[in-house]
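Residue-level listing of the chains:
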Amino acid sequence: MASITFREIEGSSPRYWFLLGFIALFAALGLGAAYYMEHHGHIVTGMNNSIVWGTPHVFAVFLIVAASGALNVASIASVFGKVMYKPLAPLSALLAFSLLMGGLTVLMLDLGRPDRLIVAMTYYNLKSVFAWNVVLYTGFFTIVAVYIWTMMEKKMNAYSKAAGMAAFIWRLILTTGTGSIFGFLVARDAYSSALLAPMFIILSFAYGLAVYLLVLMAAYTWSGRPLGDAVLKRLGKLLAVFVAASLYFVFVYHLTNLYFTKQHAVEHFILVSGGIYTTLFWVGQILIGGIVPLIILLNPALRASRGLLVAACLMIVFGGLAQMYVTIIGGQAFPLDIFPGWEEKSAFFDGVVHQYIPSLPELLLGLGGVAIALVMVTFGIKILRFMPDSLADAEIDPHAKT
Amino acid sequence: MNDNQPSHHSSNEVDEHRRHFIGASAALAGLTVAPGVVVYGLAHAKPDSEPVTNKVRWGLLVDATQCAEGCTDCVTACHTENAIQTGALETDPHWIRKVELKDMRTGRSQSLPVMCQHCEDAPCVDVCPTGASFKRADGIVLVDRHTCIGCRYCVMACPYKARSFIHETLTDQNPDVPRGKGCVESCTMCVHRVDRDQQPACVEACSQAGHNAIIFGDLNNPNSDIAKRVAGHPTSQLRADLALNPGVRYEGL
Amino acid sequence: MGKWVAGILAVLLLSVGAYAASNAAEKASRTAKPEIVIDRSKSGDKCVEETSFMRKNHMKLLMHQRDDTMHKGIRTEKHSLKNCVNCHASSKDNSVLGSDEHFCQGCHTYASVKLDCWECHASKPKQSASAPVAHPVPAPATQVGADRK
Chain G
1 MASITFREIE GSSPRYWFLL GFIALFAALG LGAAYYMEHH GHIVTGMNNS
51 IVWGTPHVFA VFLIVAASGA LNVASIASVF GKVMYKPLAP LSALLAFSLL
101 MGGLTVLMLD LGRPDRLIVA MTYYNLKSVF AWNVVLYTGF FTIVAVYIWT
151 MMEKKMNAYS KAAGMAAFIW RLILTTGTGS IFGFLVARDA YSSALLAPMF
201 IILSFAYGLA VYLLVLMAAY TWSGRPLGDA VLKRLGKLLA VFVAASLYFV
251 FVYHLTNLYF TKQHAVEHFI LVSGGIYTTL FWVGQILIGG IVPLIILLNP
301 ALRASRGLLV AACLMIVFGG LAQMYVTIIG GQAFPLDIFP GWEEKSAFFD
351 GVVHQYIPSL PELLLGLGGV AIALVMVTFG IKILRFMPDS LADAEIDPHA
401 KT
Chain Y
1 MNDNQPSHHS SNEVDEHRRH FIGASAALAG LTVAPGVVVY GLAHAKPDSE
51 PVTNKVRWGL LVDATQCAEG CTDCVTACHT ENAIQTGALE TDPHWIRKVE
101 LKDMRTGRSQ SLPVMCQHCE DAPCVDVCPT GASFKRADGI VLVDRHTCIG
151 CRYCVMACPY KARSFIHETL TDQNPDVPRG KGCVESCTMC VHRVDRDQQP
201 ACVEACSQAG HNAIIFGDLN NPNSDIAKRV AGHPTSQLRA DLALNPGVRY
251 EGL
Chain H
1 MGKWVAGILA VLLLSVGAYA ASNAAEKASR TAKPEIVIDR SKSGDKCVEE
51 TSFMRKNHMK LLMHQRDDTM HKGIRTEKHS LKNCVNCHAS SKDNSVLGSD
101 EHFCQGCHTY ASVKLDCWEC HASKPKQSAS APVAHPVPAP ATQVGADRK
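These protein sequence lines map, in sequence, to chains G, Y and H. At position 373 of the first sequence (counting the first as 1) the number is 373 in my numbering, and the numbers step up by one without a gap. At position 34 of the second sequence (counting the first as 1) the number is 34 in my numbering, and the numbers step up by one without a gap. At position 78 of the third sequence (counting the first as 1) the number is 78 in my numbering, and the numbers step up by one without a gap.
Calculated directly from the structure, the hints in this document are not laboratory data. One or more hints might be untrue.
Unchecked claim - Which chain Y residues stay away from chain G? Per the calculated CB distances, all over 10 Å, these: (1) A83; (2) S164; (3) N220.
Claimed, not checked - List of simulated lysine-lysine pairs, BS3-like, C-alpha gap at most 30 Å: (4) H:K56 to H:K46; (5) Y:K55 to H:K46; (6) G:K345 to Y:K102; (7) H:K92 to H:K33; (8) G:K86 to G:K154; (9) G:K155 to G:K82; (10) Y:K55 to H:K82; (11) H:K82 to H:K56; (12) Y:K55 to G:K262; (13) H:K126 to H:K56; (14) G:K127 to Y:K55; (15) H:K60 to H:K92; (16) H:K46 to H:K126; (17) G:K161 to G:K382; (18) G:K345 to G:K82.
What the hints assert, rightly or not - Only some residues are given here: those of chain G computed to face chain Y with a beta carbon under 8 Å: (19) I43; (20) L111; (21) A120; (22) Y123; (23) A131; (24) V135; (25) A187; (26) D229; (27) H354.
Every value quoted in this text rests on a predicted model; they were computed, and no experiment measured them. Beta carbons: idealized from backbone N, C-alpha and C, even for Gly.
The whole structure should be built from the sequences, with the hints applied where relevant.
Structural data, given as structure tokens:
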């Protein structure tokens, strides 16, 4: 195998600066939206006392889950020793770092008191899954940073496998933590399931790889570097496995609930009568986010088209956002049943499906998080050597069929 | 570790307090007092400078058979006492609400107030990342707004829909009841009144309306009205399946 | 890499320069020391501690009392925020906030220290300390909701 040369992208063309400026504009809009929400209070959002987590959380949790998944490519290289993935590893680590930063920024800026970030860092309730996550996030940043260092610094290369292993284990724990934020909520029918943690891990594989593929293809196409079919074919097949596994987990989760009589009401809500949540589940999460991309990715003829591959990845991202919307907001929209067997009515909306309409500031804040992640990647590949000069088939695998 | 770990804290505090108290009262009375008797006395005479103790567990008993359909005196009293402005929006705060129930099979209707259930093992306390949600030694579950970051995880975790997030700037707060934008809050069992040996506002209002459907008292004190009622009548807990041991009990449900 | 280091250094140098310049400008037009009138008829002659001690340490006392009251239910009057407000509210409008002549706001503006008490705490004493039942009664619920829609 030819030795791989990593190089910064030049990033001096007007097109590069236009791209960076365009993404930065969204980041700025997101920050502006956060300031607006902070100044007026959450009254200017669609969130209320029944739906307390809204669109910002949909984006934030998606980004955090995708962050962990984006590290997969690097893990396959370091942990499982697949040579072909080695040149892809640094970008994967950078993307993971950036996505987590974007997600956490959204989560933090949506707090009722974001000015008290220091309190969140200094007061820990060790029984809180959230507090665990704060530790997990911090650890993830540290480990991924060290991992990148061991990959980039020649003298440290020997430790890259160990760092990769640590990062791999840590990301599994991290996503277990993310899933458990919901899984440990005993009060709500849509959550309180141990299955949510492993399900989030599988979902993270799919979302993270889809985002990685999109970034990879964009970076190589726009910087004019060769990107061969061998890499895309391999990653595309892997993505198909992850999407199929995701569908399987979602299937088992709902099948379990459908068997438990006490869960029938919430299942009926999500699967049949939930309006927007039902539509997003079947059309968004299952059809657009699962079945259609699966058909594309499993069919060699379709998969060979880069346009369709991009479309499949975009659909998986869309399906991921739909899944988060259904899980997070749909789960809250279904009312708490405090008095089983009774019809409940009160001035505080007991016993009725809760209303939520996303507001513009929330959407801008969420997109701002995506933009922050993309700015970091776009800028990162300009200042440091994250990307190989070429990922042409001959470089990656001389025996690959062209 | 920090100041917001009531469980660690309170036990030391309590022991110390008990020693002081027993010593002081014995000296004052000039005779040996049985420890049990001291504990009863403690419940209703805490000096301002003494910390609350876990010898007391404050609780409420809601008698659904006495609660009148359509009567919202307890809710109004709560709003007045705690300077809560609320209305018909889903963003408005509710510390206590009247829930009208209809049995799905028989059509029988009932009416009762629901507020923070002041659980012994409160999910809101478990999930709060900063420890701002905490349980006082005497069982009252509160939010420390000084460390609440407004993440709303407690609202997600509460099985009783007891918590509200403050969505906009507040004015004209009661000096005894600080409240503000960006934090989560819920029924405090009128802790500022309880600490002055007064009853919660809802209890007082219900009794003034002649219903006496809400009783307040020390569940740990076998001589208190509430403990006698709970001991002598069948009462239930909301979402008893969750085994949270709430401090609010319901009778006739 | 070299040009990045140079760039970062340049930005740092520029910001230090700008800071120095703004500092000089500030000295020229420095906020005047606030003149705060304390209503002695209400407060008596003395604060709960020596004035010099309070200037330096009031925040520590308040912080300590804050945790004691919140978590342990200790409700001694002396170092409570309520007690501060009771004495130091302006005799004009009964508040510690509102202008640079008001007790809390005046000094904190002068010292340029952000106040984080009054988002939640009342900046005025309780209407009538002797009759604790007389609280401000909010407008009927439905009307309030309708107003804000």
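Results of checking the hints against the structure:
1. Every C-beta of chain G lies more than 10 Å from that of Y:A83, the closest at about 17 Å, which supports listing it as non-interface.
2. Not every CB of chain G lies more than 10 Å from the CB of Y:S164, the least distance being 5 Å, so the non-interface label is violated.
3. Against chain G, the non-interface label of Y:N220 holds: every CB pair exceeds 10 Å, the least being about 24 Å.
4. Between H:K56 and H:K46, the direct Cα distance comes to roughly 16 Å. Compliance with the 30 Å bound is thereby established for this hinted pair.
5. Between Y:K55 and H:K46, the direct Cα distance comes to roughly 39 Å. Violation of the 30 Å bound is thereby established for this hinted pair.
6. Between the alpha carbons of G:K345 and Y:K102 the distance comes to roughly 9 Å, so the proposed pair stays at or under 30 Å and holds.
7. Among the hinted pairs, H:K92 with H:K33 is consistent with the structure: their alpha-carbon atoms are about 20 Å apart, no more than 30 Å.
8. Of the pairs offered as hints, the one joining G:K86 and G:K154 holds, with about 14 Å between alpha carbons and a cut-off of 30 Å not exceeded.
9. For the hint pairing G:K155 with G:K82, the CA-to-CA distance comes to about 21 Å; that is within 30 Å, so the pair holds.
10. Proposed proximity of Y:K55 and H:K82 is supported: the alpha carbons are some 29 Å apart, at most 30 Å.
11. Of the supplied pair hints, the one linking H:K82 and H:K56 holds, its CA atoms being roughly 19 Å apart against a limit of 30 Å.
12. With a C-alpha separation of about 38 Å, the suggested pair Y:K55 and G:K262 falls outside the 30 Å cut-off, and the hint is violated.
13. Of the supplied pair hints, the one linking H:K126 and H:K56 holds, its CA atoms being roughly 27 Å apart against a limit of 30 Å.
14. For the proposed pair G:K127 and Y:K55, the alpha carbon gap of about 25 Å is at most 30 Å, so the pair holds.
15. For the suggested pair H:K60 and H:K92, the alpha carbons sit about 29 Å apart, so the restraint of at most 30 Å is met.
16. Restraint check for H:K46 and H:K126: the C-alpha separation of about 21 Å stays at or below 30 Å, so the hint holds.
17. Distance check on the hinted pair: G:K161 and G:K382 sit about 25 Å apart at the alpha-carbon level, within 30 Å; holds.
18. With a C-alpha separation of about 59 Å, the suggested pairing of G:K345 with G:K82 is violated against the 30 Å cut-off.
19. Evaluation of the G:I43 hint against chain Y yields a held restraint, the C-beta minimum of about 4 Å falling below 8 Å.
20. The beta carbon of G:L111 is positioned within 8 Å of a beta carbon in chain Y (closest approach about 5 Å), and the interface hint is therefore held.
21. Annotation: interface hint on G:A120 holds; nearest CB of chain Y at approximately 5 Å, less than 8 Å.
22. Against a cut-off of 8 Å between C-beta atoms, the interface hint on G:Y123 holds, since the closest Cβ of chain Y lies about 4 Å away.
23. Because the beta carbon of G:A131 sits about 4 Å from the nearest beta carbon in chain Y, less than 8 Å, this interface hint is met.
24. A hinted interface residue such as G:V135 counts as satisfied when its beta carbon comes closer than 8 Å to some beta carbon of chain Y; here the least separation is about 10 Å, so the hint is violated.
25. Against a cut-off of 8 Å between C-beta atoms, the interface hint on G:A187 holds, since the closest Cβ of chain Y lies about 4 Å away.
26. This hint is violated: G:D229 has a C-beta 46 Å from the nearest C-beta of chain Y, more than the 8 Å allowed.
27. Among the interface hints, the one on G:H354 holds; its C-beta lies about 7 Å from the nearest C-beta in chain Y, closer than the 8 Å criterion.
The structure fails to meet hints 2, 5, 12, 18, 24 and 26 from the earlier list, while all remaining hints are met.
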